[in-house]
Amino acid sequence: MIKLGVPSKGRLMKETFAWFSARGVRLSKSGSDREYVGRVDGVAGVELVLLTAGEIPRELAAGRLDMGVTGTDLVHEKLANWTDVVAPMAEMGFGFADLIIAVPACWRDVTCLHDLDAVAARFRAQQGFRLRIATKYHRLVRQFMTAQGVADYQLVDSQGATEGAVKNETAEAIADITSTGATIEANHLQILEDGLVLKSQATLWHSKLAQGDCSALIEKIGIAP
Amino acid sequence: MSRLRTEITRLSAVFQSAGAIRIETDILQPANVLLDLYGEDIRARAYVTVDPLRGEQMLRPDFTVPVVQWHMAESAEPARYTYDGPVFRYQDGDTKRTAQSEQVGYEVFDRGPADVIEAEVFALFHKTLAPYGLTASTGDVGLLVVAIDGLTTSDARKAALRRHIWRPSKFKALLRRFSQPVLAKTLGAGGQQIGLRESFDVDERLVQLADEAAAQPIPQMEIDALNDLLEIKGSLLDALTQLQSLALRLPVITSAVDHMLARLTALRVAGVDVSQIGFEAAYGLTAMEYYDGFVFGFYANQAGWPAVASGGRYDALARILGQGRDVPAVGGIIRPEFTVRLLEGDMQ
Numbered sequence: 001m002i003k004l005g006v007p008s009k010g011r012l013m014k015e016t017f018a019w020f021s022a023r024g025v026r027l028s029k030s031g032s033d034r035e036y037v038g039r040v041d042g043v044a045g046v047e048l049v050l051l052t053a054g055e056i057p058r059e060l061a062a063g064r065l066d067m068g069v070t071g072t073d074l075v076h077e078k079l080a081n082w083t084d085v086v087a088p089m090a091e092m093g094f095g096f097a098d099l100i101i102a103v104p105a106c107w108r109d110v111t112c113l114h115d116l117d118a119v120a121a122r123f124r125a126q127q128g129f130r131l132r133i134a135t136k137y138h139r140l141v142r143q144f145m146t147a148q149g150v151a152d153y154q155l156v157d158s159q160g161a162t163e164g165a166v167k168n169e170t171a172e173a174i175a176d177i178t179s180t181g182a183t184i185e186a187n188h189l190q191i192l193e194d195g196l197v198l199k200s201q202a203t204l205w206h207s208k209l210a211q212g213d214c215s216a217l218i219e220k221i222g223i224a225p
Numbered sequence: 001m002s003r004l005r006t007e008i009t010r011l012s013a014v015f016q017s018a019g020a021i022r023i024e025t026d027i028l029q030p031a032n033v034l035l036d037l038y039g040e041d042i043r044a045r046a047y048v049t050v051d052p053l054r055g056e057q058m059l060r061p062d063f064t065v066p067v068v069q070w071h072m073a074e075s076a077e078p079a080r081y082t083y084d085g086p087v088f089r090y091q092d093g094d095t096k097r098t099a100q101s102e103q104v105g106y107e108v109f110d111r112g113p114a115d116v117i118e119a120e121v122f123a124l125f126h127k128t129l130a131p132y133g134l135t136a137s138t139g140d141v142g143l144l145v146v147a148i149d150g151l152t153t154s155d156a157r158k159a160a161l162r163r164h165i166w167r168p169s170k171f172k173a174l175l176r177r178f179s180q181p182v183l184a185k186t187l188g189a190g191g192q193q194i195g196l197r198e199s200f201d202v203d204e205r206l207v208q209l210a211d212e213a214a215a216q217p218i219p220q221m222e223i224d225a226l227n228d229l230l231e232i233k234g235s236l237l238d239a240l241t242q243l244q245s246l247a248l249r250l251p252v253i254t255s256a257v258d259h260m261l262a263r264l265t266a267l268r269v270a271g272v273d274v275s276q277i278g279f280e281a282a283y284g285l286t287a288m289e290y291y292d293g294f295v296f297g298f299y300a301n302q303a304g305w306p307a308v309a310s311g312g313r314y315d316a317l318a319r320i321l322g323q324g325r326d327v328p329a330v331g332g333i334i335r336p337e338f339t340v341r342l343l344e345g346d347m348q
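Those protein sequence lines, which keep their order, are chains B and A. 93 is the number that the working numbering gives to position 93 of the first sequence; each next residue is one higher, with no gaps. 278 is the number that the working numbering gives to position 278 of the second sequence; each next residue is one higher, with no gaps.
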């Protein structure tokens, strides 16, 4: 029996079910809609495990899931050595999201990371503390900022409603995922020209540590191992 | 007693007989001081833990900050200290390096002649490490600092370059940017005023951007000289000859080259065979962010090893921690786990 991890609710779950269904594997929640127990039809020897998308990387890395569906962003953020522990099997064509850096639109002088770095230096000199960037993607943003030579900033944790952090004065800028940019704009922010940290989409991952034989499932859904 | 313990005690005794007082510092340090000093990058290296009452705390990523703070509180000068104990750094994505490692250090706070103090510290490390057959590399961040100050350009551009000395790729990108005519910039569309940054600061920077747009590129001759400076590499004696000839094209570095020459003389007086020491103008710019003058490291010919010992001058960091008090500071650390492995290798 191999374990397949799938997001447990919302659009991501529905689209994952549809993706597998189009490939002859029917995933469903068994029992009531509130129960997190699933069933798999169309291929034998696969157990469906429903859990939040954010926990799937950890379970894959530990080998407790053989395969799992979650975003590129979450795997890259949560697993420091992701290339050692998981392998992407298929990009699934939904759940598109870009991790971007955005600053207040009223900062007319800031359109790129070079400007952000210059303003961070001024801000620190004036305010006595480092310019704050609100995000939940600490590792990815820190690596990106280091590679791009941005200094004098600090990350502050924000697990939700991140776009409101500037208005609430808990941060000066944000790093968050967006698909259309509408929420960014509605919160009086603008995305930096070169502020794309990562392009993400829902991806089917294989755990390099899991022991299960995934060949039947891989063959059924028709992806190259 | 384990071999490692014996080695730590031995190294500490060497530093104490050189005049250092042995001090101890806490392993748990308040995170805010370290974060303010080193910036967000330190979070990628240091273990951060949260105390509901005291807030964020860090497992000591190095001894420099607590030792300087100790000195500022004690305030007797000149002072020489030694310390030993574990430091903690996590290696993001690199599971081969250990997160906990031992250091034995020696730090000098002394207003005496800079070249003599630097030579004293280097000579002590050189002599202590002589039995291990290591290669010594040195550099001097001060050369780059004076070279930047001497550029024909605005103070704003000089400040931007100085700020990024320790980020070589950003530094090179800035040099390229400043060596060309400024491209016209499309400003943002604007929007509702939100956040702590006030509109006057935006206006002020818009004026600065307009000035910047009219700025003359830094003359190519100066850019070339600065790039040539960064390329200088060789034995200490060889590098000094190269620097003396570069100083004819880049006269602003003359004072820093004279300082190097004085240090070389002091090293000889201290009994160091200077012919065996390497020098690189760009040495230490990536890994040793808080050093702002003379820097050094000792290396074993072993793949994947860090420097067995390293150190240098860090006046700017001491000044920040001193809150206005200016204390010249030179020091370094030895990694006894590696000297022990070299000793064991000898015995086989």
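Just so you know, not all the hints are guaranteed correct.
Unchecked claim - Some chain B residues near chain A, calculated using beta-carbon distances under 8 Å:
hint: 1; residue: D152
hint: 2; residue: T183
hint: 3; residue: A186
hint: 4; residue: H188
As the list claims (entries may be wrong) - Computed footprint of chain A on chain B, listed as stretches where at least three residues anywhere in the stretch have a Cβ under 8 Å from a Cβ of chain A:
hint: 5; stretch: 65 to 72
hint: 6; stretch: 107 to 115
hint: 7; stretch: 153 to 167
In case anyone wonders, no lab produced these hints; they're calculated from the structure. No experiment lies behind these values; they were computed from the predicted model shown. Backbone N, C-alpha and C fix where the C-beta goes; we use that ideal spot for every residue, glycine too.
In rising order, the numbers of the hints this structure does not comply with: Numbers 2, 3 and 5 - these are the hints that the structure violates, sorted from lowest upward.
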